[in-house]
Amino acid sequence: MKLYKFAFLLLALLTSTAFGQKTVSNLQNQKGWQGFALLPSKYLICSTCSGTGSKINWYRKPGISSPSLSGKTTEHHIGGTTAFADVLWNNHIIGDFSSQGIHDYNHTLVPTLHNFVYDVYFYVKNLPASQALEFDINQFTGGKSFIWGHECRLAGGHEWDIWNNVNKHWSPTGVPCYPKNNAWNHLVIKVQRTSGGKLLFKSITLNGKTATTKWHGVTINYQQDLDRYKTAYSIWLDKLNFTYW
148 MKLYKFAFLL LALLTSTAFG QKTVSNLQNQ KGWQGFALLP SKYLICSTCS GTGSKINWYR
208 KPGISSPSLS GKTTEHHIGG TTAFADVLWN NHIIGDFSSQ GIHDYNHTLV PTLHNFVYDV
268 YFYVKNLPAS QALEFDINQF TGGKSFIWGH ECRLAGGHEW DIWNNVNKHW SPTGVPCYPK
328 NNAWNHLVIK VQRTSGGKLL FKSITLNGKT ATTKWHGVTI NYQQDLDRYK TAYSIWLDKL
388 NFTYW
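Whatever position you read off the sequence shown (first residue = 1), add 147 for the numbering used here.
Simulated from the structure, these hints should not be mistaken for lab results.
Take the hints with a grain of salt, since some may be wrong.
[As the list claims (entries may be wrong)] Computed list of lysine-lysine pairs in DSS-like fashion (alpha-carbon distance at most 25 Å, straight line): (1) K169 / K315; (2) K291 / K189; (3) K208 / K219; (4) K189 / K349; (5) K345 / K169; (6) K272 / K315.
[Said to hold, decoys possible] Distance ranges between label pairs, derived from CB positions: (7) T341 / S318: 40 to 50 Å; (8) R375 / K345: 30 to 40 Å; (9) S292 / T255: 31 to 41 Å; (10) Y206 / P275: 19 to 29 Å; (11) S292 / N253: 16 to 26 Å; (12) G210 / K345: 20 to 30 Å; (13) K291 / G248: 22 to 32 Å; (14) P258 / G210: 11 to 21 Å; (15) K189 / G304: 20 to 30 Å; (16) G303 / L191: 20 to 30 Å; (17) A330 / S350: 40 to 50 Å; (18) N253 / A330: 42 to 52 Å; (19) A330 / T195: 32 to 42 Å.
Please read all numbers here as calculations on a predicted model, not as lab measurements.
The C-beta atom is built at its ideal place from N, Cα and C for all residues, glycine as well.
Start from the sequences and build out the full structure, keeping to the hints where you can.
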């Protein structure tokens with residue numbers, strides 16, 4: 148699965164809200180993030196790649212004061228000599244290997260979670276250098292994986308694609324995606340695992356404009372991709388909240 152993403156910031160520390168909702172915030176500055184290189188054409192995790200390599204290199208710097216909304220954003224950088232290479236950032240929020248201490252050893256929490264909200268601000272300084280941006284929510288329960296993949300396809304037409312879990316490919320939605328360059332963008336993604344075990348992509352809201360989809364189809368991902376020109380670039384993430392119930 149090829150992912151495209153930018154830098155984020157998560158904002159809370161597991162706070163209870165109405166209807167049993169809980170929010171994990173300020174994740175951008177917390178522990179648990181791991182970066183993985185994905186190289187064309189198969190886009191499998193590159194076990195021999197490193198953050199300081201030549202084919203692809205990457206880093207993340209938390210605690211950045213500018214650009215920032217909260218005072219502590221996180222910079223995500225990608226560079227290298229391989230066209231269309233990606234860097235995937237992953238954080239285990241709930242269950243096995245939880246970075247937030249929400250381990251669910253008895254498997255009594257994760258199966259009960261059906262609704263998820265991915266809320267993030269991202270700042271782009273060189274938008275034309277990005278092939279695409281991707282924001283994912285992943286749930287693993289009962290021996291099954293549920294992947295709500297959302298890709299803002301930039302070089303290929305400024306359109307949102309969603310991940311087809313069954314056939315393993317991206318499906319265009321017809322929903323436009325035009326993030327602002329040299330400015331903060333606010334993205335809110337709402338998804339649901341239905342009672343019948345299907346994936347519901349409920350809505351995508353970018354900078355106040357909401358679009359819904361009719362597609363059916365817990366960790367979070369963030370990924371950045373190089374385009375064919377291999378131009379290095381950075382993205383800053385801020386106020387990334389993840390809510391579940």
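* Outcome of range test on Cβ distance (Y206, P275; 19 to 29 Å) -> The hinted range 19 to 29 Å holds for Y206 and P275, with Cβ atoms some 21 Å apart.
* Go ahead and decide if the range 11 to 21 Å is satisfied by the Cβ distance of P258 to G210. => violated, 36 Å
* To do: Using the Cβ atoms, figure out if G210 sits within 20 to 30 Å of K345.
  => violated, 40 Å
* Using the Cβ atoms, figure out if R375 sits within 30 to 40 Å of K345. => holds, 36 Å
* **Outcome for the supplied range 40 to 50 Å, where the beta carbon pair is A330 and S350** => violated, 22 Å
* Asked: If you draw a straight line from the CA of K291 to the CA of K189, is it 25 Å or shorter?
  -> holds, 23 Å
* **Outcome for the supplied range 20 to 30 Å, where the beta carbon pair is K189 and G304** => For K189 and G304 the Cβ distance comes to about 24 Å; the hint holds.
* Taking the CB of A330 and the CB of T195, does the distance hold inside 32 to 42 Å? -> holds, 37 Å
* Asked: At the C-beta level, are G303 and L191 separated by a distance inside 20 to 30 Å?
  -> holds, 22 Å
* To do: For S292 and T255, compare the CB-CB distance with the range 31 to 41 Å and indicate the outcome.
  => For S292 and T255 the Cβ distance comes to about 19 Å; the hint is violated.
* Do the alpha carbons of K189 and K349 lie within 25 Å of each other, as the hint requires? -> violated, 29 Å
* Is K169 within 25 Å of K315, Cα to Cα? -> violated, 31 Å
The structure fails to meet hints 1, 4, 6, 7, 9, 12, 14, 17 from the earlier list, while all remaining hints are met.
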